[in-house]
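Enquirer: Residue numbers (the numbering used here), protein chains in the order written: chain F, 1 to 336; chain D, 1 to 417; chain R, 1 to 622.
Source of the hints: derived by calculation from the structure; they are not laboratory data. Here a beta-carbon is modelled for each residue, glycine too, at the ideal position from N, C-alpha and C. One thing to keep in mind: the hints can contain errors.
As the list claims (entries may be wrong) - Derived CB-CB ranges, DEER-like:
1. R:GLY291 - D:SER229: 43 to 51 Å
2. R:GLY291 - F:SER246: 30 to 38 Å
3. R:PRO422 - F:ARG70: 52 to 60 Å
4. F:ARG70 - R:ASN223: 20 to 28 Å
5. F:ARG70 - D:VAL148: 27 to 35 Å
6. F:GLY245 - R:VAL23: 35 to 43 Å
7. F:LEU9 - D:ARG125: 51 to 59 Å
8. R:VAL19 - F:LEU9: 28 to 36 Å
9. F:THR322 - R:ARG266: 22 to 30 Å
10. R:ASN210 - F:THR322: 36 to 44 Å
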Amino acid sequence: MFKYILRRLLLMIPTLLGMTLLLFAVVRFAPGLTTAGGQFAAGQMKSRQAQRQQEQFIARRLHLVGKNGRPIALPMQYLLWLRSTCEGHFGTSLEYNEPVLKLIAQRLPVTLTYNLISLLLVYIIAIPGGMLAAVKRGGWFDRGFGIFTLALYSLPVILVGSLLLGFLADPQYLKWFPSAGLHATNTQNMTYFQYLGDYLYHITLPVACLTYGGFAYLVKQVRGSMLENMRQDFVRTARAKGLKGSTVLIRHVFRNSLLPLITISAGILPGLLGGSVVVEQIFSIKGMGALAYSATYSRDLPVIQTIALIGGVITLLSYLITDLCYTIADPRVSYD
Amino acid sequence: MTSQPQDVTDLAVPDRLVGPARSWWQIVMGRVLTPLLVRFAAVYILLVALTAVFVPFLANSRPYTIVINAQGGRPAVREFPLFRSLTRLDLILLALFAAAFLYSLVHWRTRRWRDLPRRRRVRWRWLGLLAALAVIASILIAILRHNVLDVRNYRRLVRQGRAGDAIFAPIRWGYAGMEPLRKNLINQRPSRAHWLGTDGDGRDVLSRLLWSCRIAMGVGFVSQLIALSIGLLFGSLTGYFSGLVDLLSMRFVEIVESIPTFFLILTFVAIYGRDIFMIMVIIGVTGWTGYARFIRAEFLRIRRLDYVAAAHAAGLPLWRILFRHMLPNGLTPVLVSASFGFAGAVSIEATLSFLGVGVPPPTPSWGNMLNAAGNPTTVFRWWQALPPGLLLFITVLAFNIIGESLRDALDPKLAVN
Amino acid sequence: MDNRFTIKDFFFTLLLLAVISVVALAMGQFNYQGRKLLSLQRQIKRMNELQLQQMQLLNKFTTGSLTVKPAANSTSAASAQTSGDIRETLSDGARYVRYPRPPLSPHNPYSRPDYAPGDWLVLNLGEEPRKIQPFVPQDAGAMTVQSWVLESLLIRNPDTLQWEPWLAQSYRQSANGLTITFKLRRGIRFSNGEPITARDVVFSYDTIMNPGVDTAPLRTYLNDVKSCRALNSRTVQFIFKRPYFKALEEVGGIQIIPEHVYKFTRPRQFNEEGGKLVGSGPYMLDKWVRGQEIVLVRNPDYWGPHPTFDRIVYRFIANPQAALQSFLAGQIDEDGPQPSQWVRYAGKPGFTKKYICYKFLLPSSGYDYIGWNLRKPMFKDRRTRTALTMLLNRNAIIKTFLHGLAVQVTGPFNPLSPQNDPHIQPIPYNPAKARALLRQAGWRKNAQGVLERNGRPFQFKLDMPAKDQLIENIASYAQRQFARAGIRMTLEPYEFSVLVHRINQRKFDAVFLGWTGSLEGDPYQIWDSKSIADKGSNAIGFDDPAADRLIAAGRRELNTAKRMKIWHKLQRIIYRRQPYTFLFTPYTLDFINHRFHNTRPYKIFGVNEGDWYVPLDMQKYH
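The following block holds chain F by itself, in its conformation from the complex:
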């Protein structure tokens, strides 16, 4: 077991190296590399000297030129970047002039909180839903439910977000929910529970947007894995023993279907970043998604590289965790 983990970890090293190389390549061949940074407010341009100094400044920061102003060779640039990354220096954002890590530390909790809430919701409603669909398989209910979940799964977030925002958060129609942000503007006069309630009120629509897709996906998984287990011999044995249907279902079938479902969550986590880009854009939330989006848009290269790198590492780790979960959960799976 330990050997397996060790081997997986060792295999991750070349993968990580390759990833850094790929990221480096994608970013380095961008035209107008040094014109990066959000220092240009829309519609304004700076004077000539200012621009030149700005470009030199960025070039130094990205290790394009050395301290003496001489250009550095491409492989050396990569090595320099790699070294500082390995040392934990992810660089300074060109747009915010602040360490990238600090920016991410500010934004990550925001995104993580409402994403976790949505994940929790997904599990809470998807598991009973999937069980129901599995029990009533083959009937009209199952078919209708299948179409319903497929439709939910196919609903584009941009449509749902726009409609929710347009119909439920616009004084023109119904003003039930706030249209932007995570807090009201007058939070300092609130007690803690008012504050919490206000937060929940604000995240209702974004969480709804994030939840329905995950729900549809998970319901399918629950149903599939339940059905798979229902066909197993041990279920037949249990039934033959004369156990009650519900007992068989819950104690035997569900219990065995549970673990694969939990391991799925490890796979869901990395995908949250992409989803939150759209949701945060629609609901004007300042989280990781918004940071990632604005960084790509204003070519804040250090931020782009760091976010992609962190996303990649999380994904790789989640693969590892998934595999490990399987080995622990299912003695039939062996890794040698």
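Add chains D and R to chain F, keeping to what the hints say.
Expert: This is chains D and R only, laid out in the frame that chain F set:
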């Protein structure tokens, strides 16, 4: 003793089983297409695809034909403005469509042939011929055809009586045609002149809706073609060779997969531009890993089969073994993934356009139409938001339905009786 | 079997999760209360300090060491007479200006019968500033916040537009305009109590000019300064290399920061610091809660006129819909609505009764234009460019896309600025005449219906910033209009930094952009032929010897009236040559909560929040 069975076999085998020979593929398709919903989805997709090809004939400000009245010494002339102003892309699409249509005719005519090898040979021959023709035609069109800029206001000509006998397309607006710049003409609600109203530039929403089918289908098709070819090449090589090649290339697949896809696409678009073809390529280049994994798994399985060993023993060249013998058998599961991939590409393009980094204006896309309707700097106009949103939703849904049923059909384990 | 995950385990996990979340909630609450307590403690501490100061003041007052200033209950013109203000030209031709007391703003509220200090002013900043550090930030939000905290030597009178001494008591500009000497006021202090000396002025100047400090845009304006010296603790002298009409404005407008606070050894240190803001202004930075708000509090011992508000709070609501909703809910006190929002609300009597609505032009709002790259053969001809302008109905653009809330511009100067010649009329919208002009210029339609000259079709790309609905609408309209005349234009949206890169590389055919404005801009950067080379702002390559001569003359001319004549001539040349198609400058729109009084905007400067107050019975926050 009237009708005595003449042969024992007549009795034993019911009629439908002796019918024309059915390939495994036909059986699969039959199983897939049985449910009503799937048929609906297939018909819908076909309709959208047809719209994508024929949209110049459906929504255009130029009439099919018109007679310009005699004026100032010039005699009256009959003109065909719509046909004259078909663009290069329109013509190429029509050529490709014609080839596809002819091939499907061939396919249809040969469906009852019992001699399977001959049927396959004939079909391949026709496929090759038509594909070559289509490619040649496209190249010729691309070289010889110049796009015509015709912005004469034919509707006004007819209204003023300076032209007559005109036959217009069902929708008399192109995607970029605008009402005059007046406040009551932009952002109109649905009316008789504009069945779905107009947008912020005074353009007909319905016309733009139909024209966006082209973007959606084009992005889905081209990007998946790119993804499929990269995935096929990568997957088949990896699956066949295994060992070190496998190890290395799977690391590479893992690398590409581990970077959040949507973020990668955003970065690519921000860095390398947002031309529509660029977006197709980017979606294709970032979306091939699934195919590669599938094909690799299939090839690992097929490699051990006897007929591959036999092909080896016969001394066939490698590419022939890979692509003629192994690939066709490993292809079917990929179709499932292609169907989902198509849906994904359509929705990624819409999302990019929604975020304002998709296709450049004035090209319509369901995403940028949705954005224009619900932009926070304007008021929400549901009559502009709903049609593109619903069309996008139904398209994605249709592809998912087909993918789902394909998977059910191919996976006997999941086929619940 | 005992290794399996049983249903009991499942419920146990659930229970565990529940316990964890309860603990997390409780911790959150403690944390929240703790923070509240801390801020309360801070407030109490400050109140104690204030009380102490009051006692001291009272002491001084009773012992007679302090005299009360006479109430400033007259207009600035009147007070200028009574207060002994001097504006004169000395015998050697130098200009000498001396204000013994800091000038009150023309609309100052202090003499209003219901004037009362107190209450908060809650404003919306839109985007959250990237960082707050003197001189370094480039975003408008940070500058707005800093303008309450940092002060400069001179201040512009919003009515007369003259520069009046503020931190300086007097200044003297030599006859040739090359030497400017400032004398600081007595008794001026930073908010931490330290006096402001000439050294601080020199330090501020040196910081800006330090090549390692990230202040390049500011630096370019001061490039003409030869030296800056402190003559004694209260006197600073700037010497210029050559006469420049903006000299006084540029050095007088430098924000003064305390040396003892900002002193740095490595420039990087100054660049990357942030969140610390100390100046001499009426308000001080209290706290900056990231993602939520910036709070400024009254500087308790401000050296100048008593600031009105207890606090100024800035919130960050970038989404215009949300901003308006917050405004309507009373959560922010001022909102700059979009044109569509303005037309929806501002006309309604129910709304105007509850809220104050202003609509005015600001010189700083700049103008939008389409620039033609004059190096391209197709744009070389003046008639072609004029025809392109004539093809666009700019009035209709303003009426439909901007709901009439903008004004056409005829040249590079703001319609409000004295630089602008009001006699020049916009080029009219006239497609027929445009076609005739194009014909004159040699364009003929070819078989494809596209204009052609010398076998080259009239087709080009318009580079434009992406993600802007308004620009997209206008560009689409222009595309349509040009197509009607047989010109094929494709739209190419780019994200802004790429657009800038393309402009710097001169890679574009035509570009849709905007320039920010100022009351009197220096045309050198954009219109002089020397700004063409090496990524200068004259990206389109406008090269006109007559214009160059006028620009050089104008920059040297210190006499305002004469200078304006020169600018008017320049404007005429630019107008005739039409290197840009000039579009419009938008109105600034403003909704203000009705509890504020004295909000009347200045003619050119717009609203000045510093003049506002809330009568005692209407105050909302305490």
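Enquirer: Next step is simple, just say for each hint if it's right about the structure.
Expert: Against the structure, the hints:
no.	hint	result
1	R:GLY291 - D:SER229: 43 to 51 Å	holds, 45 Å
2	R:GLY291 - F:SER246: 30 to 38 Å	violated, 49 Å
3	R:PRO422 - F:ARG70: 52 to 60 Å	holds, 54 Å
4	F:ARG70 - R:ASN223: 20 to 28 Å	holds, 27 Å
5	F:ARG70 - D:VAL148: 27 to 35 Å	violated, 54 Å
6	F:GLY245 - R:VAL23: 35 to 43 Å	holds, 39 Å
7	F:LEU9 - D:ARG125: 51 to 59 Å	holds, 55 Å
8	R:VAL19 - F:LEU9: 28 to 36 Å	holds, 32 Å
9	F:THR322 - R:ARG266: 22 to 30 Å	violated, 47 Å
10	R:ASN210 - F:THR322: 36 to 44 Å	violated, 54 Å
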